[in-house]
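Engineer: Sequence order for the protein chains is Z and D.
Straight run, no breaks: the first sequence in my numbering ends on number 284.
Straight run, no breaks: the second sequence in my numbering ends on number 1298.
For the record, the hints were derived by calculation from the structure and aren't laboratory data.
You may find that some hints are simply not true.
Beyond 10 Å from chain Z on every Cβ pair, some chain D residues (computed) [unchecked claim]:
(1) Gly1196
(2) Ser1202
(3) Thr1272
Reference excerpt, derived from the structure (chain Z facing chain D, CB under 8 Å, subset only) [stated by the list, open to error]:
(4) Trp208
(5) Ser210
(6) Ala219
(7) Thr222
(8) Tyr225
(9) Gly226
(10) Tyr263
(11) Tyr267
(12) Ala271
(13) Ile272
(14) Trp273
(15) Phe275
(16) Gly277
(17) Gly278
The beta-carbon is built from N, C-alpha and C at its ideal position, and this holds for glycine as well.
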Amino acid sequence: QTVVTQEPSFSVSPGGTVTLTCGLISGSVSSNYWPSWYHQAPGQAPRTLIYGTNYRSSGVPDRVSGSILGNRAVLTITGAQADDEGDYYCVLYMGSAIWVFGGGTKVTVL
Amino acid sequence: QLVQSGAELKKPGASVKISCQTSGYTFISYYVHWVRQVPGQGLEWMGIINPSGGDTTYSQKFQGRVTMTRDTIASTVYLELSGLTSDDTAVYFCARRGGRNGIDVWGQGTTVSVS
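Build the full structure now, drawing on both the sequences and the hints.
Structural biologist: Below is the structure:
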């Protein structure tokens, strides 16, 4: 059972908005968990999108953003494009030098 | 930049040692994670090493089977996994811990097949 929860899948039309969430089975995600987000295209290494809740990694366009909403971390991508397809992972820092990945969300642009 | 060693094929019960050579930054200034991905599954955090002091923290899942080490002269970190089973067939990534507890640089991945 994955402690960090993500939607298994998300579909979006080209030009639409992707909204992915990252939660905890028990408790609320806050900035204290330093949520970060990663995109992995098929057969590729992950690429860092967001770290520290809402800091964009170098080269990531500003249509990608991170936030906390309610008890979850949220990744928002506006103006969805074909190359936004792939798997998205959130990672939470649990303290004591322990990190945990969510199960990932498969995003389809169709 | 993080450059990992090549693919490995191992027998069940064997051990594997993967390297991750770093360049372009001060080696001892950044912790390095190890992350794996079993075919068709998600990313899984295995542990982290502090290249400065060599101290490590491992995921409870791998405790007792995993060893992370470093060579400060070679600016390289290593992952050793023992008692391999077919369930350890996966791609293993090293990744640099960046600011605000994120990951900012990823290795290209090393495929380990156990058969």
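Engineer: Could you run down the list of hints and mark each one as holding or not?
Structural biologist: Comparing the hints with the structure gives:
{"no.": "1", "hint": "Gly1196", "in the structure": "28 Å, holds"}
{"no.": "2", "hint": "Ser1202", "in the structure": "16 Å, holds"}
{"no.": "3", "hint": "Thr1272", "in the structure": "16 Å, holds"}
{"no.": "4", "hint": "Trp208", "in the structure": "4 Å, holds"}
{"no.": "5", "hint": "Ser210", "in the structure": "4 Å, holds"}
{"no.": "6", "hint": "Ala219", "in the structure": "5 Å, holds"}
{"no.": "7", "hint": "Thr222", "in the structure": "6 Å, holds"}
{"no.": "8", "hint": "Tyr225", "in the structure": "2 Å, holds"}
{"no.": "9", "hint": "Gly226", "in the structure": "3 Å, holds"}
{"no.": "10", "hint": "Tyr263", "in the structure": "5 Å, holds"}
{"no.": "11", "hint": "Tyr267", "in the structure": "4 Å, holds"}
{"no.": "12", "hint": "Ala271", "in the structure": "4 Å, holds"}
{"no.": "13", "hint": "Ile272", "in the structure": "6 Å, holds"}
{"no.": "14", "hint": "Trp273", "in the structure": "5 Å, holds"}
{"no.": "15", "hint": "Phe275", "in the structure": "5 Å, holds"}
{"no.": "16", "hint": "Gly277", "in the structure": "5 Å, holds"}
{"no.": "17", "hint": "Gly278", "in the structure": "4 Å, holds"}
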